[in-house]
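Please construct the entire structure, taking both the sequences and the accompanying hints into account.
Quick note, the sequences are listed as chains H and A, same order. So the first sequence is numbered by the numbering used here: it starts at 1 and just counts up by one. So the second sequence is numbered by the numbering used here: it starts at 1 and just counts up by one.
Any given hint might turn out to be false.
[What the hints assert, rightly or not] Distance condition first, Cα-Cα at most 25 Å in a straight line; then the derived DSS-like pairs of lysine-lysine:
#, chain 1, residue 1, chain 2, residue 2
1, H, 6, A, 3
2, H, 72, A, 16
3, A, 11, H, 77
4, H, 94, A, 3
[Unchecked claim] From the derived model, a few chain H residues whose C-beta atoms are all more than 10 Å from chain A:
#, residue
5, 22
6, 48
7, 62
8, 81
9, 91
10, 125
11, 130
12, 137
13, 157
14, 232
15, 280
16, 297
17, 361
Hint data in this document are derived by calculation from the structure and do not stem from the laboratory. Even glycine gets a Cβ: it sits at the ideal position worked out from N, Cα and C.
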Amino acid sequence: MNNKVKSLHEQVAAALIEKLEKGTAPWQKPWNSVSTDFSLPYNAITGNRYKGINIFSLLNSGREDPRWLTFKQADSKGWQINKGEKGTLVQFVKTHDLIPKLDENGKKVVDENGKSIKVRTPLERAIVTAAWVFNAEQVSGIPKLELKPQLKSDWDPIVRAEDLVLLSGAVVNHRKGDEAYYSLRSDSITMPLKEQFTTPDRYYATLLHELGHWTGHQDRLNRSLFNRFGSEGYAREELRAEIASMLIGDEFKIGHDPGQHAAYVKGWIEMLKNNPYEIHAAATDAEKIFSYLLDFERKRELNQQTTNKSQQKNESKLFIGDIIPYKDSVYKVTSQLKRGRLQMEVEDTGKKFVLSKNDRLYQSLLDVKNGNDIKTPAISKNNEEVQKASYGLKR
Amino acid sequence: MNKSFESLNEKLRILKEGEEIGLTPEEAVIYGISYGDEFPFEEENNEEGEEDEQ
Numbered sequence: 001m002n003n004k005v006k007s008l009h010e011q012v013a014a015a016l017i018e019k020l021e022k023g024t025a026p027w028q029k030p031w032n033s034v035s036t037d038f039s040l041p042y043n044a045i046t047g048n049r050y051k052g053i054n055i056f057s058l059l060n061s062g063r064e065d066p067r068w069l070t071f072k073q074a075d076s077k078g079w080q081i082n083k084g085e086k087g088t089l090v091q092f093v094k095t096h097d098l099i100p101k102l103d104e105n106g107k108k109v110v111d112e113n114g115k116s117i118k119v120r121t122p123l124e125r126a127i128v129t130a131a132w133v134f135n136a137e138q139v140s141g142i143p144k145l146e147l148k149p150q151l152k153s154d155w156d157p158i159v160r161a162e163d164l165v166l167l168s169g170a171v172v173n174h175r176k177g178d179e180a181y182y183s184l185r186s187d188s189i190t191m192p193l194k195e196q197f198t199t200p201d202r203y204y205a206t207l208l209h210e211l212g213h214w215t216g217h218q219d220r221l222n223r224s225l226f227n228r229f230g231s232e233g234y235a236r237e238e239l240r241a242e243i244a245s246m247l248i249g250d251e252f253k254i255g256h257d258p259g260q261h262a263a264y265v266k267g268w269i270e271m272l273k274n275n276p277y278e279i280h281a282a283a284t285d286a287e288k289i290f291s292y293l294l295d296f297e298r299k300r301e302l303n304q305q306t307t308n309k310s311q312q313k314n315e316s317k318l319f320i321g322d323i324i325p326y327k328d329s330v331y332k333v334t335s336q337l338k339r340g341r342l343q344m345e346v347e348d349t350g351k352k353f354v355l356s357k358n359d360r361l362y363q364s365l366l367d368v369k370n371g372n373d374i375k376t377p378a379i380s381k382n383n384e385e386v387q388k389a390s391y392g393l394k395r
Numbered sequence: 001m002n003k004s005f006e007s008l009n010e011k012l013r014i015l016k017e018g019e020e021i022g023l024t025p026e027e028a029v030i031y032g033i034s035y036g037d038e039f040p041f042e043e044e045n046n047e048e049g050e051e052d053e054q
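Shown next, in the form of structure tokens:
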């Protein structure tokens with residue numbers, strides 16, 4: 001490196017080389033699942049975790065408080081940056097801009113508070129901008145640090161980790177021994193037995209690290225995984241998996257259990273010396289791994305929402321095939337007629353009639369169907385089959 | 001790819017606090033633009049909101 005102004009990744013790489021030599025790089029340090037123990041840097045206002053190269057720029061500052069914010073964010077809350085404090089550099093990306101919405105006369109459209117309404121407009125070219133942020137320790141008036149709220153899920157971290165592995169569909173084999181690894185040839189993960197780990201979170205931290213390697217398969221994120229142990233390529237992949245482990249450990253609150261690093265440290269130092277941009281690339285790849293794995297959860301949540309909406313839709317109407325016991329009769333919807341009317345049949349008597357949504361009976365049957373009918377047991381005392389039908393509708 | 005990598009490196013080297021650099025599509029891919037921290041637009045909104053009120 002020369003004496004020119006250093007870019008952020010060059011500054012970060014230089015600091016990490018020193019830490020690697022001392023064994024104190026962020027991914028070399030273990031932390032446990034107690035959430036007060038450690039947290040990756042996040043924005044004090046939005047609660048969002050910082051990403052990519054910014055994580056290391058902020059961690060390298062050595063601050064204990066994980067909360068960071070811009071001068072303007074502090075100002076908006078009435079907090080003050082302490083006199084003489086220096087900011088820490090981060091980079092933001094812009095892929096769109098917010099442009100004032102104009103009416104047909106070219107005048108700004110305002111909301112009920114008189115503020116200009118903005119429209120999200122894609123930029124022709126992505127923009128990177130540099131900004132200073134300050135740590136909560138440098139800010140007066142900011143509340144004392146509390147536990148980071150669990151924004152996305154209150155699930156037990158271990159259950160969440162187990163579910164993620166299941167959702168991924170990764171093949172996991174267990175074998176007594178001290179090796180945990182992902183095999184590209186068999187596209188499977190091999191783990192020691194669960195009981196060989198001191199705690200469940202250690203087991204899952206290790207398993208999720210291997211799942212990070214699993215994402216590199218050509219059918220997934222397609223990273224170069226054909227690397228000989230000890231080669232630069234091997235060290236590169238291991239760095240990505242270690243950083244991804246940190247991100248997952250933070251998100252899942254299961255901590256981080258660094259692997260055996262001695263074999264890689266020399267390779268990592270050489271790599272960062274030869275190409276400082278490698279830390280930016282590795283941090284970005286780790287974010288890709290993190291995002292890829294968490295997508296399994298997002299997809300499941302979307303499916304769940306779709307199912308719930310579908311159920312809600314079903315609960316708001318009567319459908320062909322619904323069989324509903326009400327008072328002393330059992331009503332069956334036999335067909336759909338025009339204008340939303342239904343052809344009904346009373347099962348006991350075979351009597352047929354047309355039911356409209358405006359009929360009081362329609363709402364009564366719907367209440368029974370949805371379990372909202374508290375007045376009418378709708379059950380014939382001696383008919384057990386009918387009793388079942390009032391809870392589990394036949395279709 | 002190497003040319004874009006070099007130009008990206010040069011752009012990042014001259015990027016100072018408060019300044020912006022525009023990336024070509026190739027540079028944006030190398031940077032990993034989709035995985036970075038998004039610019040906090042709410043700050044600009046507040047600022048312009050105040051201006052609007054003046």
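For this session: Determine whether the non-interface label on residue 48 of chain H survives the test: each CB of chain A must be over 10 Å from its CB.
Result: Its Cβ does come within 10 Å of chain A, the nearest being 8 Å, so this is violated.
Exercise. Does residue 232 of chain H sit more than 10 Å from chain A, CB to CB?
Worked result: holds, 17 Å
Exercise. Going by Cβ atoms, does residue 137 of chain H stay more than 10 Å from chain A at every point?
Worked result: For residue 137 of chain H, whose nearest Cβ neighbour in chain A is about 20 Å away, the distance exceeds 10 Å, so it holds.
Exercise. Are all beta-carbon distances from residue 22 of chain H to chain A longer than 10 Å?
Worked result: holds, 27 Å
Problem set entry | residue 280 of chain H non-interfacial with respect to chain A [C-beta, more than 10 Å] | It is violated; residue 280 of chain H is separated from chain A by about 8 Å at its closest Cβ, not greater than 10 Å.
Exercise. Does the alpha-carbon distance linking residue 72 of chain H and residue 16 of chain A stay inside the 25 Å limit?
Worked result: The given pair, whose Cα atoms are some 18 Å apart, holds under the 25 Å limit.
Problem set entry | Claimed clearance of chain A by residue 157 of chain H, with the beta carbon kept past 10 Å | holds, 24 Å
Problem set entry | residue 11 of chain A paired with residue 77 of chain H [C-alpha distance capped at 25 Å] | Answer violated: residue 11 of chain A to residue 77 of chain H is near 34 Å, above 25 Å.
For this session: Classify the label on residue 297 of chain H as holds or violated, using whether its beta-carbon is more than 10 Å from each beta-carbon of chain A.
Result: Non-interface label stands for residue 297 of chain H: nearest chain A Cβ at 18 Å, farther than 10 Å.
Exercise. Is the straight-line distance between the alpha-carbon of residue 94 of chain H and that of residue 3 of chain A 25 Å or less?
Worked result: Judged against 25 Å, a Cα distance of about 23 Å means the pair holds.
For this session: With 10 Å as the threshold, tell me whether residue 62 of chain H passes as away from chain A on beta-carbon distances.
Result: holds, 20 Å
Exercise. Is the nearest Cβ of chain A still more than 10 Å from the Cβ of residue 125 of chain H?
Worked result: violated, 4 Å
Hint compliance for this structure: hints 3, 6, 9, 10, 11, 15 are not met, and every other hint is.
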